[in-house]
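Undergrad: Now for the letters of each chain:
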Amino acid sequence: MTLRLAGILTLCAALPALAQFKPLVAGKDVPRTADGHPDLSGIWTNATITPFERPAELTGKEFFTPEEAAQYEKTHKLFNADDREKIKGTNADVALAYNAVFWDPGTRLFKTRRTSVVIDPPDGKVPALTLERQKQLAAIAAERKKRCEQPGCELENGGQPGPADGPQDRPLMERCLSFANAAPMIATAYNNNYEIVQTPNFVGIDVEMPHQMRRIPVDGTPHVASSVREWVGDSRGRWDGDTFVIDTTNFEDVPFHGSDTNLHLIERLTRIDADTLIYRFTVDDPTAFTKQWTGEVTFVKAPGPLYEYACHEGNQGMFGILSSARFDEKQAAQHLASPGK
Amino acid sequence: MRVWTSWRLAAASLAIAVLLPPGYAQTTDAKVPRTADGKPDLNGIWQAMNTANWDLQAHGSAPGPVTSLGAIGAIPPGQSVVEGGAIPYLPAAAAQQKKNNEHRWTDDPEIKCYLPGVPRATYQPYPFQIIQGSNTILLTYAFAGAVRTVRIGKVEAVPNDSWMGWSIGHWDGDTLVIDVTSFNDQTWFDRAGDFHSDALHVVERYTPDGRNIINYEATIEDPKVFSRPWKISMPLYRHVEKGAHLMEFQCIPYAEDVVYGHLEHRKGDSK
Numbered sequence: 001m002t003l004r005l006a007g008i009l010t011l012c013a014a015l016p017a018l019a020q021f022k023p024l025v026a027g028k029d030v031p032r033t034a035d036g037h038p039d040l041s042g043i044w045t046n047a048t049i050t051p052f053e054r055p056a057e058l059t060g061k062e063f064f065t066p067e068e069a070a071q072y073e074k075t076h077k078l079f080n081a082d083d084r085e086k087i088k089g090t091n092a093d094v095a096l097a098y099n100a101v102f103w104d105p106g107t108r109l110f111k112t113r114r115t116s117v118v119i120d121p122p123d124g125k126v127p128a129l130t131l132e133r134q135k136q137l138a139a140i141a142a143e144r145k146k147r148c149e150q151p152g153c154e155l156e157n158g159g160q161p162g163p164a165d166g167p168q169d170r171p172l173m174e175r176c177l178s179f180a181n182a183a184p185m186i187a188t189a190y191n192n193n194y195e196i197v198q199t200p201n202f203v204g205i206d207v208e209m210p211h212q213m214r215r216i217p218v219d220g221t222p223h224v225a226s227s228v229r230e231w232v233g234d235s236r237g238r239w240d241g242d243t244f245v246i247d248t249t250n251f252e253d254v255p256f257h258g259s260d261t262n263l264h265l266i267e268r269l270t271r272i273d274a275d276t277l278i279y280r281f282t283v284d285d286p287t288a289f290t291k292q293w294t295g296e297v298t299f300v301k302a303p304g305p306l307y308e309y310a311c312h313e314g315n316q317g318m319f320g321i322l323s324s325a326r327f328d329e330k331q332a333a334q335h336l337a338s339p340g341k
Numbered sequence: 001m002r003v004w005t006s007w008r009l010a011a012a013s014l015a016i017a018v019l020l021p022p023g024y025a026q027t028t029d030a031k032v033p034r035t036a037d038g039k040p041d042l043n044g045i046w047q048a049m050n051t052a053n054w055d056l057q058a059h060g061s062a063p064g065p066v067t068s069l070g071a072i073g074a075i076p077p078g079q080s081v082v083e084g085g086a087i088p089y090l091p092a093a094a095a096q097q098k099k100n101n102e103h104r105w106t107d108d109p110e111i112k113c114y115l116p117g118v119p120r121a122t123y124q125p126y127p128f129q130i131i132q133g134s135n136t137i138l139l140t141y142a143f144a145g146a147v148r149t150v151r152i153g154k155v156e157a158v159p160n161d162s163w164m165g166w167s168i169g170h171w172d173g174d175t176l177v178i179d180v181t182s183f184n185d186q187t188w189f190d191r192a193g194d195f196h197s198d199a200l201h202v203v204e205r206y207t208p209d210g211r212n213i214i215n216y217e218a219t220i221e222d223p224k225v226f227s228r229p230w231k232i233s234m235p236l237y238r239h240v241e242k243g244a245h246l247m248e249f250q251c252i253p254y255a256e257d258v259v260y261g262h263l264e265h266r267k268g269d270s271k
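Protein chains in written order, with the working numbering: chain A, 1 to 341; chain B, 1 to 271.
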């Protein structure tokens with residue numbers, strides 16, 4: 001009971017941050033379930049070329065005009081088709097790993113024509129990290145850098161070398177543990193598909209990559225004990241009029257733009273018309289960020305079906321990363337033993 | 001003979017249907033909860049209560065693989081869940097099963113936290129959840145975050161082979177029937193080395209018996225491995241405890257050292 005009350009109070013505490021945005025209403029033509037709620041069921045995609053944070057050249061501009069949006073999409077298309085001839089054969093090329101055949105952010109901006117996913121603060125930028133969190137992250141980065149003064153480090157997707165003594169050293173994505181696309185639901189490199197199934201007291205969201213399930217009871221039950229940590233957190237849902245609200249805590253250490261395990265995520269899904277869900281998420285994490293912040297994403301209907309993304313089962317990349325690191329160590333040891341060679 | 005029997009059955013069913021009031025589906029059980037569209041409501045968290053994941057066939061207790069774990073790691077006894085008791089292997093496959101069994105403490109894909117396949121996901125010793133929409137049912141399992149999408153009555157081209165298969169469902173009265181095809185040959189049925197090829201075809205039947213029990217049957221067909229189709233059956237029980245919730249059992253972190261250990265830089269190794 002106490003826990004339940006705490007959950008409700010937490011939800012209420014988050015409301016002022018969201019109240020400043022115009023509340024969204026379900027469109028007249030949206031399908032509804034037998035119990036009268038908008039039916040969120042279906043296969044949806046949030047693939048977009050809309051930048052996460054507002055780029056410097058768009059400072060002060062919250063929305064594109066229709067002409068600007070068309071121009072932006074055209075320019076992006078050209079950029080995406082770049083054959084990368086200029087960097088062929090370099091480390092930078094290897095670090096990028098994939099070409100435009102693999103990347104699948106779509107070709108369109110959100111149809112809201114927003115210039116960034118981040119909508120609050122109004123400058124469209126993720127707020128500064130707390131000093132404490134900055135120190136923690138800097139210490140982790142320094143330690144990784146120090147370890148890479150010796151051989152046995154491998155490039156990460158971002159192009160920086162990282163330790164590779166074992167899989168535990170590698171980024172969560174390389175280990176198939178998190179693609180930072182499930183909670184919150186943000187488009188990533190590809191496979192930006194989500195399947196929602198809605199029942200009267202439960203909502204399930206299947207995140208295609210890497211088959212991560214969000215299980216959301218809609219029955220007033222409280223979060224699991226705080227000692228329990230989950231990779232997509234522990235979610236509880238409720239209806240606020242026609243908007244489905246998800247409250248998520250109990251995260252594993254899955255940093256999202258610097259968040260820590262105290263992350264409290266509030267998500268709001270509104271089906272504004274038959275083909276569109278507006279999704280707003282508020283990041284509430286006072287130990288990591290100097291203030292709460294909110295993003296907005298548009299989901300549109302996708303044809304489906306979702307594929308099985310058996311990531312860990314086919315993780316040949318990890319074998320390659322670790323065996324390259326061992327090879328480098330061996331080479332270095334041989335060089336030390338007989339420097340002339 | 002077979003045709004005659006089917007005809008007689010059909011006639012009998014028709015007679016019953018005429019006698020019963022409208023809306024009374026076959027095998028209707030008043031205690032079975034129903035969805036708004038009148039189907040049995042299978043929503044909830046379910047779990048098998050048997051030792052089939054150790055061995056589908058009858059087995060006595062046995063020591064486990066790690067001596068220091070003592071009784072914790074030991075294998076509990078159990079009866080066969082296979083109709084007729086034995087799995088009808090073809091001779092070459094029987095030899096392969098024996099080999100698998102000898103190497104089960106290293107070769108069982110469960111050790112590596114790989115997706116468990118079907119029907120194994122159903123009777124692993126962890127719960128699973130049914131999230132039942134009208135056209136789509138999600139079957140989500142605690143182990144390895146396995147998930148299956150069951151499309152009701154929608155026949156689509158199979159996209160490609162997979163670990164959890166391609167599931168098409170339909171209702172046969174109050175029974176949810178799921179036809180599962182398009183498997184790879186990488187999963188096992190249990191920790192005893194029972195296996196299949198990529199020709200596996202599974203037909204599952206979920207029949208509610210009251211509110212808290214589903215009678216589960218799976219017919220397994222694989223002409224490369226078995227001499228005939230065979231069937232397993234077992235009850236599945238609803239988690240009725242207050243606040244029952246399917247928690248994530250993300251096992252990758254616990255399997256990584258097994259999968260990649262030979263490529264890791266161990267502490268104490270010179271660098």
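By construction, these hints were calculated from the structure, which means they are not laboratory data.
Bear in mind the structure is a predicted one, so any value in this text is a computation, not a measurement.
Do not rely on the hints blindly, as some may be mistaken.
Pair by pair, the computed Cβ-Cβ distance ranges are [what the hints assert, rightly or not]:
#1 B:PRO33 <-> A:LYS61: 34 to 42 Å
#2 A:ALA138 <-> B:VAL240: 31 to 39 Å
#3 B:HIS239 <-> A:GLU57: 17 to 25 Å
#4 A:ASN262 <-> B:ALA86: 49 to 57 Å
#5 A:ASN201 <-> B:ALA30: 18 to 26 Å
#6 B:ALA36 <-> A:PHE319: 46 to 54 Å
#7 B:PRO33 <-> A:LEU131: 49 to 57 Å
#8 A:GLU132 <-> B:ILE213: 49 to 57 Å
Per the computed footprint, the stretches of chain B lying under chain A, defined by three or more beta-carbons under 8 Å from a beta-carbon of chain A, are [what the hints assert, rightly or not]:
#9 85-93
#10 146-158
Cβ coordinates follow ideal geometry from the N, Cα and C atoms, glycine included.
Undergrad: Kindly indicate which numbered hints from before are broken by the structure, ordering the numbers from low to high.
TA: 1, 2, 3 and 9
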